[in-house]
Amino acid sequence: MGQKQQPADLISEPKKRRRVGFSPIDVGVEPKDCFTIYLVSSKSEVDAPDGFCIDPIDLSQFFDDDGKIYGYQGLKIVVWVSSLSFHSYAEVNYESSSDGGKGITDLKLALQRIFADTLVENKNDFLQSFSTDRNYIRSIVADAANLGNPALNSIDISNACSDGNASALEAFRLFAGSMPAGQLYSRLIPLVLLLVDGSSPIDVTDPRWELYVLLQKKPSEQGDTQYLLVGFSAVYRFFHYPDTCRLRLSQILVLPIYQHKGYGRYLLELLRNVAITENVYDYTVEEPLDYFQHVRTCVDIKHLLAFNSIQPAVDLAVSELQQVKLSKRSITSSFLPPSSTIEEVRKSLKINKKQFLKCWEVLIYLGLEPAEKYMENFVTFISDRVRAEILGRDSGIVGKQVKEVPSEYKEDMSFVMFKTGAGEVTSTVQLDENQANQEEQIQKLVDERVEAIKVICQTQKQKA
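Taking the working numbering, I'd label the letters of the sequence shown as residues 21 to 484.
One or more hints might be untrue.
Said to hold, decoys possible - List time: in silico DSS-like cross-link candidates among lysine-lysine, alpha-carbon distance up to 30 Å:
id: 1; residue 1: K88; residue 2: K128
id: 2; residue 1: K122; residue 2: K63
id: 3; residue 1: K88; residue 2: K143
id: 4; residue 1: K393; residue 2: K367
Quick caveat, the hints were computed from the structure, so don't treat them as lab data.
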């Protein structure tokens, strides 16, 4: 902090000695401590004291060096994001600014990094957008494929959403490469970066990307129907040799105001129905986070329990697990489903092998009655599974082949790589080189997985 200039009458007094000191070093401020971001749906909500505040994952990624803001005292940044048009407006206030040794952070540049072209400089223009862009979402989906009737009718909407608004939902599919998809996603990017951990923007010029948007219809004050965005997912359609494709969910976001009400599960059910209806090879997820994996597994378990053809295989595994003492065996346990069951689940439910094996562990636990009696065996089974995933992978390189495939998009880059032998990578866990530390790491993973399985089973029993 710079020194204030002394009054002239004090400077002229020869008997007073000047005190020499150093300004304190600027330690900076964490962005989360000075940012407040509101999601607003009307002009009246701007500046309202009780607005809906969103909690970003990590704001420091948008600031240079160590992710802090330097050069400001008493800094407060308030940002409003419109849930109608997804434009944003920021107000920056501070008591003073000075270079405390690390420069002065360019706040305008930082805000542009976060909100890009959605940032509106004039507050009146932002307020006006609630009127001029009130039908923005409706215009975006005007020519999009409406999935509301065939896809959503097969979902149990009575239990899908806890706020009772499921019947007012409609889903649409937008294809990347089209103007509406590009415009919508460009406005959603700031929220994706703020709310989805580890996310990065998709390439909206690649036509293999598809956006599935979930909208809620709501009567407006003007007497017409307004479409509000509840959430969306970004899915990539991969070619699968020789003549089919597979869907990979890359991003999914439910707007904070709609979270914890069942809409995320609703989107997962929608994507599952699309995969089955279009008979894709399977449906995968890119690096799912723990909470998402929990919801995903709960959805898959519901359908697997209703898939009667796998029940004999589950009963057999449960029976074998109940009859042996795994802790006294010299070989590791298996109790995994036969390959025919894995293939049947993939073909009928579009659940890929890796996900089905996770669900298989839950199915076995559900079959153990009482579970406490066989818990030692079950933990040993999970321990063997974790060790197989981390330590039991083949160290050799699996053979691969590359084949050219026909494509209308970037033909010189169109090919497919597939494995010619077994060797699916199921874990990316890095173990410590020390053997004792390895055992501790593995045991922690086992405990976490067992606990996650118990939570899923408890959720399933509550719904039943």
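Straight-line Cα separation of K88 and K128 no greater than 30 Å?
Holds - the C-alpha atoms of K128 and K88 are around 15 Å apart, at most 30 Å.
Is the Cα-Cα distance between K122 and K63 30 Å or less?
39 Å, violated
Just to be careful, I want the Cα atoms of K88 and K143 compared with a cutoff of 30 Å; is the pair within it?
Judged against 30 Å, a Cα distance of about 27 Å means the pair holds.
Compare the distance between the alpha carbons of K393 and K367 with 30 Å, and conclude whether the hinted pair is satisfied.
The hint is violated at about 35 Å.
In terms of the numbered hints stated before, the structure departs from hints 2 and 4, listed from lowest to highest.
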